[in-house]
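2 protein chains.
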Amino acid sequence: MDIPQPYLLFLGDVTDPLAAKTARGIHAWRPQQCVGQLRIATTGVTLGLDDLTIEQACEKGAKTLVLGTANAGGFLPEHWLETIRQAIRSGMNVASGLHERLNDNVELTELAKTHQVKLFDVRHTQEKLKVGNGKPRAGKRVLTVGTDCAVGKMYTSLALEAAMLELNMNAQFRATGQTGILVAGTGISIDAVVSDFISGAAELISPENSDDHWDIIEGQGSLFHPSYAGVSLGLLHGSQPDYLVMCHEMGRPHTRHLPHHPLVSLADCIKENLRVAKVTNAHTELAGIAVNTSQYSDEQAHRYLSEISQEFGVPATDPVRYGIAEIAQFLKVHGG
Amino acid sequence: MDIPQPYLLFLGDVTDPLAAKTARGIHAWRPQQCVGQLRIATTGVTLGLDDLTIEQACEKGAKTLVLGTANAGGFLPEHWLETIRQAIRSGMNVASGLHERLNDNVELTELAKTHQVKLFDVRHTQEKLKVGNGKPRAGKRVLTVGTDCAVGKMYTSLALEAAMLELNMNAQFRATGQTGILVAGTGISIDAVVSDFISGAAELISPENSDDHWDIIEGQGSLFHPSYAGVSLGLLHGSQPDYLVMCHEMGRPHTRHLPHHPLVSLADCIKENLRVAKVTNAHTELAGIAVNTSQYSDEQAHRYLSEISQEFGVPATDPVRYGIAEIAQFLKVHGG
Numbered sequence: 030m031d032i033p034q035p036y037l038l039f040l041g042d043v044t045d046p047l048a049a050k051t052a053r054g055i056h057a058w059r060p061q062q063c064v065g066q067l068r069i070a071t072t073g074v075t076l077g078l079d080d081l082t083i084e085q086a087c088e089k090g091a092k093t094l095v096l097g098t099a100n101a102g103g104f105l106p107e108h109w110l111e112t113i114r115q116a117i118r119s120g121m122n123v124a125s126g127l128h129e130r131l132n133d134n135v136e137l138t139e140l141a142k143t144h145q146v147k148l149f150d151v152r153h154t155q156e157k158l159k160v161g162n163g164k165p166r167a168g169k170r171v172l173t174v175g176t177d178c179a180v181g182k183m184y185t186s187l188a189l190e191a192a193m194l195e196l197n198m199n200a201q202f203r204a205t206g207q208t209g210i211l212v213a214g215t216g217i218s219i220d221a222v223v224s225d226f227i228s229g230a231a232e233l234i235s236p237e238n239s240d241d242h243w244d245i246i247e248g249q250g251s252l253f254h255p256s257y258a259g260v261s262l263g264l265l266h267g268s269q270p271d272y273l274v275m276c277h278e279m280g281r282p283h284t285r286h287l288p289h290h291p292l293v294s295l296a297d298c299i300k301e302n303l304r305v306a307k308v309t310n311a312h313t314e315l316a317g318i319a320v321n322t323s324q325y326s327d328e329q330a331h332r333y334l335s336e337i338s339q340e341f342g343v344p345a346t347d348p349v350r351y352g353i354a355e356i357a358q359f360l361k362v363h364g365g
Numbered sequence: 030m031d032i033p034q035p036y037l038l039f040l041g042d043v044t045d046p047l048a049a050k051t052a053r054g055i056h057a058w059r060p061q062q063c064v065g066q067l068r069i070a071t072t073g074v075t076l077g078l079d080d081l082t083i084e085q086a087c088e089k090g091a092k093t094l095v096l097g098t099a100n101a102g103g104f105l106p107e108h109w110l111e112t113i114r115q116a117i118r119s120g121m122n123v124a125s126g127l128h129e130r131l132n133d134n135v136e137l138t139e140l141a142k143t144h145q146v147k148l149f150d151v152r153h154t155q156e157k158l159k160v161g162n163g164k165p166r167a168g169k170r171v172l173t174v175g176t177d178c179a180v181g182k183m184y185t186s187l188a189l190e191a192a193m194l195e196l197n198m199n200a201q202f203r204a205t206g207q208t209g210i211l212v213a214g215t216g217i218s219i220d221a222v223v224s225d226f227i228s229g230a231a232e233l234i235s236p237e238n239s240d241d242h243w244d245i246i247e248g249q250g251s252l253f254h255p256s257y258a259g260v261s262l263g264l265l266h267g268s269q270p271d272y273l274v275m276c277h278e279m280g281r282p283h284t285r286h287l288p289h290h291p292l293v294s295l296a297d298c299i300k301e302n303l304r305v306a307k308v309t310n311a312h313t314e315l316a317g318i319a320v321n322t323s324q325y326s327d328e329q330a331h332r333y334l335s336e337i338s339q340e341f342g343v344p345a346t347d348p349v350r351y352g353i354a355e356i357a358q359f360l361k362v363h364g365g
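Keeping their order, the protein sequence lines are chains B and Y.
Okay, so the first sequence: first residue is 30 according to my numbering, each after it adds one.
Okay, so the second sequence: first residue is 30 according to my numbering, each after it adds one.
Misleading hints may appear alongside valid ones.
For chains that are exact copies, the list does not tell them apart, and a pair is met inside one copy or across any two.
[Unchecked claim] Distance condition first, Cα-Cα at most 27 Å in a straight line; then the derived DSSO-like pairs of lysine-lysine:
1) Lys50 with Lys142
2) Lys159 with Lys50
3) Lys142 with Lys92
4) Lys361 with Lys157
5) Lys142 with Lys307
6) Lys361 with Lys300
7) Lys159 with Lys89
8) Lys307 with Lys164
9) Lys164 with Lys300
10) Lys157 with Lys147
11) Lys159 with Lys361
12) Lys92 with Lys159
13) Lys142 with Lys89
14) Lys147 with Lys89
No lab work stands behind these hints: they were computed from the structure.
In this text the structure is predicted, and so the values were computed from the model without any measurement.
Working from the sequences, and respecting the hints, build out all of it.
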């Protein structure tokens, strides 16, 4: 899946800022790849980009219209179709993060064929996959892992890529979820692959590379999440990471959406991730801890980060509040 | 997926006895559910059952024609189609363990609709699945786990079901792979589900039950297999087993098909399975070890089994050579 950039970000007529999370993420991490936004209701959510028509976006070089908002149920609303048709007729590809597939819509697939453009359903997988083989491959890899879902693994991965590039390291973000795929323009939605192929898909996401190349792989779920641990484990095995960055939310009492399920301790979670990583990489180490401290004061956050940094012997930071330069520096020094 | 029994076992014209493994498994474990066999070449593999025509099988009450042989590539040979059509026209359902789906064949699906019978593709999943929730549910569960693929998890599960029934325990085999599904007439091919739903599928396979009911769940893969560990972990979390039976092959040097990957030690494998099982069941215990000792003499096998039985404090047996009554007895005594 290689989604041609730059993008025109389609915001439809959504009014809930949270529903535009994907579009906002793309804009935040790849502003140079966003020529503008297209809204069908000017009272809706805005990213502060220029409002463009399909025609204007084409003139500015947009290659793909991105449906970057979520709908209740993830379906494709009838009244968005005309904009999508227009984009296709103007020679733009269309990429969607919705559950409902563009590729299941016969009218759109035929129109796309006629105009020789592609439809990308980033929540689904279109790749031919193989089962994983666990064979070591050249290049260095960092995987973000977590104590839970929604603890900032994508944010941390993208922030780390940026910080490593700052240090002139050869770093590349590797996407495993829908927003990440749209940011990177490539990747595999790892939780959408047939379970036989989880680690095989992970091997494909971060292929062999030169010795000085770093893949920063976006993690998913948690080994301790009763719903998603299988995905997390297959991703860990297939990634063969040299380094892990553990993501965590300070003070979160229980696993997300599962109030009956207390959150694993940071220590147990780190130990277990390092232990199971050994199945495909005997030398996996922890490189840092990225913590969402947003519920706490600056002082409380600093005290906690300094405590866990001492306990685990690696930098600990809140990447949103304090950046992630320390972890990038750690990788530069230790990962040689 | 509820496949009506009894079956007529279709052997096609395969000549390699290994290719008839599925049919042989069904016959071995559910002889009373097999009215006969149908071959299109009498020089081919036989199970020693009566050779029946579709008509004769119908008279004997056969409800489903089972394609119980494997083909190179798993496709449906052209010259098998006439037998399948005949079966459908006679009101029989058809179940297939092939990769190629009966349900992708428009002619067969229409014929099946006309004659109001069902086509079952047991390697694929037709269920509506949910993500797992990890909530405890009533009933007792045993899961077979392993140091590798192909170490006898299905055999052990079925043998244990039989041994527990002998002891008048309320035991029920739960299938997670194609042969198991055909034996049980129900189940989900766990490695074919979308990876987001592994543990959810496992929860569906062994639903809430009465307190004295035992599910004997067929395990898949191994936590230490670089290709399939994600499936194994999701199955373990979703199964919430009260007891594990560890399956192992004595003397196997490396992970199957991966000569670069040494086999995990029995001790590490048991420890890790018990550790990760705690995510959804705080009280998981080991109930026994089932070992394939076929490469060793009787004396060597007995010495090894007695050693590991002492080391881990549970019965250890080769279920093929020595039966599995001891493990059933252990469950009866300890599992109340």
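For each hint, the structure was consulted:
no.: 1; hint: Lys50 with Lys142; verdict: neither (30 Å within a copy, 45 Å between copies)
no.: 2; hint: Lys159 with Lys50; verdict: between (32 Å within a copy, 24 Å between copies)
no.: 3; hint: Lys142 with Lys92; verdict: within (16 Å within a copy, 45 Å between copies)
no.: 4; hint: Lys361 with Lys157; verdict: neither (35 Å within a copy, 47 Å between copies)
no.: 5; hint: Lys142 with Lys307; verdict: neither (46 Å within a copy, 51 Å between copies)
no.: 6; hint: Lys361 with Lys300; verdict: within (23 Å within a copy, 35 Å between copies)
no.: 7; hint: Lys159 with Lys89; verdict: neither (39 Å within a copy, 43 Å between copies)
no.: 8; hint: Lys307 with Lys164; verdict: within (13 Å within a copy, 30 Å between copies)
no.: 9; hint: Lys164 with Lys300; verdict: both (23 Å within a copy, 25 Å between copies)
no.: 10; hint: Lys157 with Lys147; verdict: within (17 Å within a copy, 29 Å between copies)
no.: 11; hint: Lys159 with Lys361; verdict: neither (33 Å within a copy, 42 Å between copies)
no.: 12; hint: Lys92 with Lys159; verdict: neither (30 Å within a copy, 36 Å between copies)
no.: 13; hint: Lys142 with Lys89; verdict: within (23 Å within a copy, 53 Å between copies)
no.: 14; hint: Lys147 with Lys89; verdict: within (19 Å within a copy, 55 Å between copies)
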